[in-house]
Structures are given as structure tokens and as C-alpha cells.
Amino acid sequence: MKTRRKSAVWAMSMALAAPLLISACGGGRDHSDSPASATTPEPAPEAEPVPASASESIEGFIGYLQELAASPSDTLEPADTSMVSAPTDETSEPLQVN
Amino acid sequence: MKIRPIGQLAATLVRASAVIAVAITTTAAWASSHRDAPNIAMNPSVDGTDLYMFRSYEKGRADYVTILADYTPFQGFQGGGSFFMFNPNALYEIHIDNTGSGSEALTFQFRFTNTSAPTAIPVGDKQVDIPLIGGGPISGPAPATLGINETYTVDIVRGDRRTGTRASVTNAAGGAHRTVFTKPVDNIGEKTFGGPTGYATYANQYIYDIKIPGCKTPGRVFVGQRKEPFYVSIGIIVDLLDLDLAGPETGGNNNDQEGNNISTLALELPIACLTAGTDPVIGAWTTASLRQGTLLSNAPATGLNKVAIPGGAWTQVSRLAIPLINTLFVGVEDKDKYNWSKPKDDDSNFAVYLTNPTAPTLIQTLYSTFSAPTNLPRTDLTTVFMKGIKGLNQPASVGAPAEMMRLNTSVAPVAIGKQNALGVLGGDNAGYPNGRRPGDDVVDLNLRIAMGAFCVMTGAKDTMQVGCTPKDAPSGGVSFTDGVRKTSVNYGATFPYLTTPTSGAINPPAAAGTTYP
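Chains as they are written, first to last, in this note's numbering: chain A, 1012 to 1109; chain B, 555 to 1071.
Hints are not guaranteed to be accurate.
Claimed, not checked - Just the calculated beta-carbon pair ranges, DEER-fashion:
| hint | chain 1 | residue 1 | chain 2 | residue 2 | range |
| --- | --- | --- | --- | --- | --- |
| 1 | B | Lys770 | A | Glu1078 | 50 to 56 Å |
| 2 | A | Ala1080 | B | Asp763 | 45 to 51 Å |
| 3 | B | Gly614 | A | Gly1074 | 53 to 59 Å |
| 4 | B | Asp714 | A | Ala1080 | 55 to 61 Å |
| 5 | A | Leu1087 | B | Asp763 | 32 to 38 Å |
FYI, nobody ran anything at the bench for these hints, they're computed from the structure. If you're wondering where the values come from, they're calculated on a predicted model, not measured in any experiment. Every residue, glycine too, gets a C-beta built ideally from N, C-alpha and C.
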């Protein structure tokens, strides 16, 4: 059992070390012609503010949510909600959204 | 005789696989109205699970009706660290129809607010908030050791639930904040509440006498966690009805809800405040609504309830009256729609699920021993669930057929210990389906009603005017059961009748079959 654990640790160490070794020795390839390495990540997209119309009326708020629902994104950051004041109403029925 | 469906199922799978597929999905959440529809299963805090309505049987309170609306299903008793709060972004309502119109004449609205009162302790040179709701022993009112205070208001709306006249229900004891009531925190455990009876003593402080605008006599309100009152052997029912449907009614199977708790809205209201004119019959249902739109904050501030930004009108997401209606009768694709719907529209939306119910056919398919009633359309079901039984709980004026829980408030309450858990079918007209008491066995009763029990009870001359007779229901006299039975003595004798929730700090061994090597 002890031997097996030792072996596992060694294997893990080698797995982690291997990329470093390859990197340190240039990976056995000449990269002089390679394009500039894209190591700088793309800046995170700015959070778009929620439009003022979403705070002005229920129609504007629900309309904005409908826009969001119609354009789901896997790449955007969430919109900036800091200025949102969602309008509410105790007496009306829900808007037709279908 | 113990009847198992295995052989029958094998044959049926060959010739009617489509029917079996439906059986699996329609019984997949058979627990009154716990997780009764796909959408609400994702929103437990607004998932109405059970509605009870009965003449109060507490001594000296016979002139009142008690209404209990339960929410947040399958609460394991170990609910920490946040436990089970009502949703502060939701509107919880109990509606009363006292004209037979199918629409509400009265609505009681509950709105919740959570306020943080964190306990900070010195760590080095800093005061840092602790991560627990309970920061020490909890006993008296407004304990300083409680990190989140949950409060609520109650309004009464006369007329349409949105456009009617709204007024605040107030604490009869007065005070500076008489429109604000406190919900006791859930049962964290005996160490927090000071012993085995500590939680009951603590929670009982929050039963309020209330003044209701327009009513001469005060009522009572309580909101809080209770031990789950609904009893059922859910697991084996969901597993293709893998149980003896005609077996022992008591002790045949275990109650799968026994270890769970529930969150309850409890009202005790004077009968005179609920009825209109001379008609003693009232109908009730409970709903929960959310704002139509919710925007999620991109950067929530410190504090409670800072994540969701809800806006727009209240939009109903949960509805419940008769137990098991959505679960046992409504088709899969209409279950979400049911939760959005109003009773007055039931005839056009859902009547087919009662006139031509699938549940009896499915039972007949799985168990060839039993036969589904032959009277189609099933007027007995539409009568019991959508109109009320004439002479028992049918309103004097019947408007649009509408599914709701109907109670004839002129039927005298039956004392605890003398109630029959089989209600009307057991000769006790103060019980289900004339309202519903905590001890009424609605699983067994709805099975029997679905299989034609009222066709049998009404007799050859159909004296109850349900539109069928015994010859229409070959299995209408079978004592269908899920093998679990409680009675009134398993519940409290006084308002709010539901018992103290199971402590969150017990540490039982795992149930048999749930541990693996």
C-alpha cells in the first residue's frame, strides 16, 4: 500500500514536471518563426448598463428582460444592475409576453 | 391477498408501452402537491404542498374555520445553515369564494421580509460576523442571538385579488408595529432552544390574535415551521405503484414524510367573516406568485435579498386546493399551466382530466384485479372536485365549475379522537371532501374516489346526485390504500393543530438500504 502511494506521488510529480521540462528546453522545437504567443488573455467584456427604460415602467422592465431572453450569451458579463430600480405594481395582471 | 404488478406489468409493457410511459411520468411526484409540476419543482419556497380547511375543533372555537396552507416540500429536519424561510420576493395568498362564482371574494395576502441582525465576535483586532443564523440560545421574543429575523404582514383583499379593496390585518394586542408579525425561526435544535420542549414554548409566542378589517370578531394567525402533516408511502407509489393497493390500511407501509417538516401559513377566521348571506358553503385555494420579471444583480451588495431584482406584476406560479389534483389527474404538459391558472377557467382548461381521468385506467392497467369506472364523462369526479356534493358542500348558487376545497361551515366539527380519517366516505361529514382536516387520509380517499367510491356510496338511485351508480364502478367498493394511516390524535388539539417540527439536531442512523460499502 505504501509502495503504491509512493508510486502514485512519483507519477503525479513527473506528470506535472514534464511540461516544465519541455518548456525549459524549448520543447525540442525551434519557435523562432512562430507568431507571437497569445498568452495575454482577452480583456473581460465591460458590463453593459441596464438601460434606464427598464426602471421607468413595467413595460420597459419586462421589455428589457424579453430582450435578454431573446439573446442569451455565453460570452458576456452580466449587465450592470447598480442603477436599476425595478418597477412593481400590486394591482395589475402580468403582461402578455408569449 | 397481496397483489403485485410485476407479471402484469411485463405483459403490459409488450402491448402498451406508451401507456406505461405515461404512468411513470404522471406518478412521479405523487405527494399531495409536493413538487407537483416541473416548473414549481425548481422553486420549492413557493411550492404549495397542502391546503387544509375545517371547522375549528379546539374546545370553544367551533365558530371559527381554520385554514392551513403549507409550502416548501420535503424539508429535511436538518435544514441548516439557512433553514427554510418564506420567499421575501413572493406573494402568498389564500383565496375564499363565498358566492359559488368560482372567483375569490376574499383574499388573505402574506408578504415576508428578512432583516439581518448578525452576531459579531472579536477575532484579533476585528469584529467579524459569525456564519450561523443562531448565535446563541434562543427563547424570548426578538432574541438578540438570532441573526435573521423573518417578519410578515397580512392583508385582506375584498373583491378581485389584485384590484379589490386591500386593508391590513393587525395585531389585536396593538403596539407600534401592529401590522408586522414575526415568524419563529425553524427548529434548529434542542441546544439552541434549551431542551426538548424549548422550541414549542418559543414558537407558541408567535400565535397572534388578529383584527381583521370588516370582521367584528378577532381571528388568529401563525406562520412557522411544523412537522409535515401529510402522510403517504411516496417511494413505492412512484415506483409503478409497487404496493398492495388493497392491503392493510394501517401499518401496511411506512410514512415517507415522517421525518420531514413543512412551512405553514395558519389562519383561524370567524365563520361569520367568511360566508356571504345565508349560504354556509365556502371554497378556498392557495396560490403563490412571483414578480413577472427578475433581474439578477451583477454585483450583489452586502446584506440580505440583494441578488434578485424583481419587477412587474405578481404572476402566479403555484396553486393548490384539492390534494393530488395536479399530481394525480392533470396531464404532464398541463401541470405548469395548472399552477398558473384560476379556478374560474377550469372547465375549459382541465375538465377533461376529471371527466376522462387516466389514473383509474392506469391502475387497471397495472393491476388487472381492479376495474376503472365506466361512467364517462366522470360526473362523480367533476361533482366532488369542481362543484361540491349537493346537500353537503355544494354552494347554493353554482357558477362555473371550479376546482377548489369546499366546506359547509354549518356541519358541526367532530372532536379530536372521534374523527374518522376517511371523512365523508367513513360517515364523518365534517371531513374530506367537505373541507380537509390534518388527519384525513386523502391518499386513500382520492384513490377510492378516483375508482368510483361515490358511485357506490350514492346507491342505485344516486341519492347524492353524482351522476353514477354502483354498477358503474366495479372496484368502487374496494378499500384502496397506500398502507399509511394517521388519525386526528396524531395532531394538535389546538390552533394551529400541526405539531412542533422535528428538531434539526437529531442524528439518526441512515435508513436501511441507503448505505453502500
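Quick rundown of the hints versus the structure:
For lysine 770/B and glutamate 1078/A, the hinted distance range of 50 to 56 Å is satisfied, since their beta carbons lie about 52 Å from each other. Taking the beta carbon of each, alanine 1080/A and aspartate 763/B are about 46 Å apart, inside 45 to 51 Å as hinted. Under the hint 53 to 59 Å, the C-beta atoms of glycine 614/B and glycine 1074/A, about 56 Å apart, fit the expected range. The hinted window of 55 to 61 Å between aspartate 714/B and alanine 1080/A is violated, with their beta carbons roughly 29 Å apart.
Taken as a hint, the range 32 to 38 Å is violated for the pair leucine 1087/A and aspartate 763/B, whose Cβ atoms sit roughly 54 Å apart.
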